[in-house]
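Peer 1: Residues per chain, in single letters:
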Amino acid sequence: MPASSPRLLRGAINGQRLLAEVASNAAGANVLFLGTTRGVTDGVATQALEYEAHEPMAVAALETLRNEAMERFGLLGCRIEHRLGVVAVGEASVAIATSAAHRREAFAAAEWLMEKIKANVPIWKCELGPDGGRGWVHPDAMPGGFP
Amino acid sequence: MPASSPRLLRGAINGQRLLAEVASNAAGANVLFLGTTRGVTDGVATQALEYEAHEPMAVAALETLRNEAMERFGLLGCRIEHRLGVVAVGEASVAIATSAAHRREAFAAAEWLMEKIKANVPIWKCELGPDGGRGWVHPDAMPGGFP
Amino acid sequence: MTIHPPAATPPPLSPTHQLRVKLFAGLAAAASTRLLELPWGGGTAAELKAAVAAAVPAAAALVSSSGVAVGNQYIAPDATIPPEADVALIPPVSGG
Amino acid sequence: MTIHPPAATPPPLSPTHQLRVKLFAGLAAAASTRLLELPWGGGTAAELKAAVAAAVPAAAALVSSSGVAVGNQYIAPDATIPPEADVALIPPVSGG
Chain A
20 MPASSPRLLR
30 GAINGQRLLA
40 EVASNAAGAN
50 VLFLGTTRGV
60 TDGVATQALE
70 YEAHEPMAVA
80 ALETLRNEAM
90 ERFGLLGCRI
100 EHRLGVVAVG
110 EASVAIATSA
120 AHRREAFAAA
130 EWLMEKIKAN
140 VPIWKCELGP
150 DGGRGWVHPD
160 AMPGGFP
Chain B
20 MPASSPRLLR
30 GAINGQRLLA
40 EVASNAAGAN
50 VLFLGTTRGV
60 TDGVATQALE
70 YEAHEPMAVA
80 ALETLRNEAM
90 ERFGLLGCRI
100 EHRLGVVAVG
110 EASVAIATSA
120 AHRREAFAAA
130 EWLMEKIKAN
140 VPIWKCELGP
150 DGGRGWVHPD
160 AMPGGFP
Chain C
8 MTIHPPAATP
18 PPLSPTHQLR
28 VKLFAGLAAA
38 ASTRLLELPW
48 GGGTAAELKA
58 AVAAAVPAAA
68 ALVSSSGVAV
78 GNQYIAPDAT
88 IPPEADVALI
98 PPVSGG
Chain D
8 MTIHPPAATP
18 PPLSPTHQLR
28 VKLFAGLAAA
38 ASTRLLELPW
48 GGGTAAELKA
58 AVAAAVPAAA
68 ALVSSSGVAV
78 GNQYIAPDAT
88 IPPEADVALI
98 PPVSGG
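Order-wise, the sequence lines are chains A, B, C and D.
Here the first sequence is numbered in the numbering used here, starting from 20 and rising by one per residue.
Here the second sequence is numbered in the numbering used here, starting from 20 and rising by one per residue.
Here the third sequence is numbered in the numbering used here, starting from 8 and rising by one per residue.
Here the fourth sequence is numbered in the numbering used here, starting from 8 and rising by one per residue.
Among these hints, one or two may not hold up.
[As the list claims (entries may be wrong)] Lysine-lysine pairs mimicking DSS-like chemistry, simulated, CA-CA at most 27 Å apart: (1) Lys-56(C) - Lys-137(A); (2) Lys-29(C) - Lys-135(A); (3) Lys-56(D) - Lys-29(D); (4) Lys-29(C) - Lys-56(C); (5) Lys-29(D) - Lys-135(B); (6) Lys-137(A) - Lys-29(C); (7) Lys-135(B) - Lys-56(D); (8) Lys-29(D) - Lys-137(B); (9) Lys-135(A) - Lys-56(C); (10) Lys-56(D) - Lys-137(B).
Honestly, the hints are just simulated from the structure, not real lab data.
Quick caveat, the model's predicted, so the values are computed rather than measured.
Start from the sequences, fold in the hints, and give me the full structure.
Peer 2: Below you can see the structure in the form of structure tokens.
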């Protein structure tokens, strides 16, 4: 698997390293997105989030999305990482780094990837409440577009 | 001037520090944009870029834009830095870090700020060619909206 | 006399053949397992979902809104699931 | 008999009063200076641009597409420039 392939990891995400990995002398624009655990969502306190994935399927889906983003937006570089396990408030659960000649493509690709990851990639979050409560998050929408 | 105020600086931009400065337990989304010097633009080789500014006016304009972005996009944090002097190929000339509860606002604010900075803030770049040639860049459009 | 069936035709599956279905997140919590074993005589993805819902009634609603994957790919509701398939039920995702 | 003009009326500027105009980037390069001194009897931003273009013909085209700032603010073409103003010509910007 190439070094640029998406990764699921249990340690902390290093955004600075991802930016360095997408750097290019042909790039005028570099975007790093970090999705972080909020301490409060819709008025409910969160102690931490816990993530799990269908790992081989998630890695394959992320690789497919990365390749599509590289082509669709003419990117020069693209790195995707997603945490698994417990992610404390303030820590990053997902990171996307993109580079392109111009900023529109770098921004659009990072946003597009986040939309697709949240809609299609088999990764799930569990809310860990301050009282020890656990709740898996399953939006109403169907994954994969099948009714 | 508050620590969150925009800065013009002659040393390297530290994107990681800017992200740390916009971090918040209420943030679910953090975006860092780095505009970097391209080695080639429209087929012409660039050795480096050199930036200058009407410094007090540029800092005031950036502060006004930052305050407007904070309000318009409901940001939790926003930092802006722009280099002055010579910026080598691959180095960042401008950095914007935003944080918000949700990603749409964090992305939109960073894009909006870059549009406004490029259109209105009195900063100029000079292309330094490999043969020692220099050329100030002045787009056809008028600054400040005055014909 | 010995009858040799055509080599290309596999023997019919016993209805007690066990299919192993990977479960995740709320489905695994509801079923109290990450790997559900089901008697499986063959059928479609939609039929598999019905069989899982019958085996784990507490997860029926979440099963009905789940997709089915074989290997690393989602499959359509009318696609057939081979007996030895690497099958997973994919409840609505929430990564990011 | 001595005539006292009303106190609120400043004495008329000598036409040889010097206004200092900050120049940047291509304007500074064309004028070979970052601070242009101009005889200035008062007038609008548009009149200042005409005076700068006349003083630095090599920069005339760029001056015509420049804005005028007093202090940290752009001013409109018909706005008056006070004699001691902190004036700058702002050619089209290219930061970022």
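Peer 1: Hints the structure violates: just list their numbers, smallest first.
Peer 2: none
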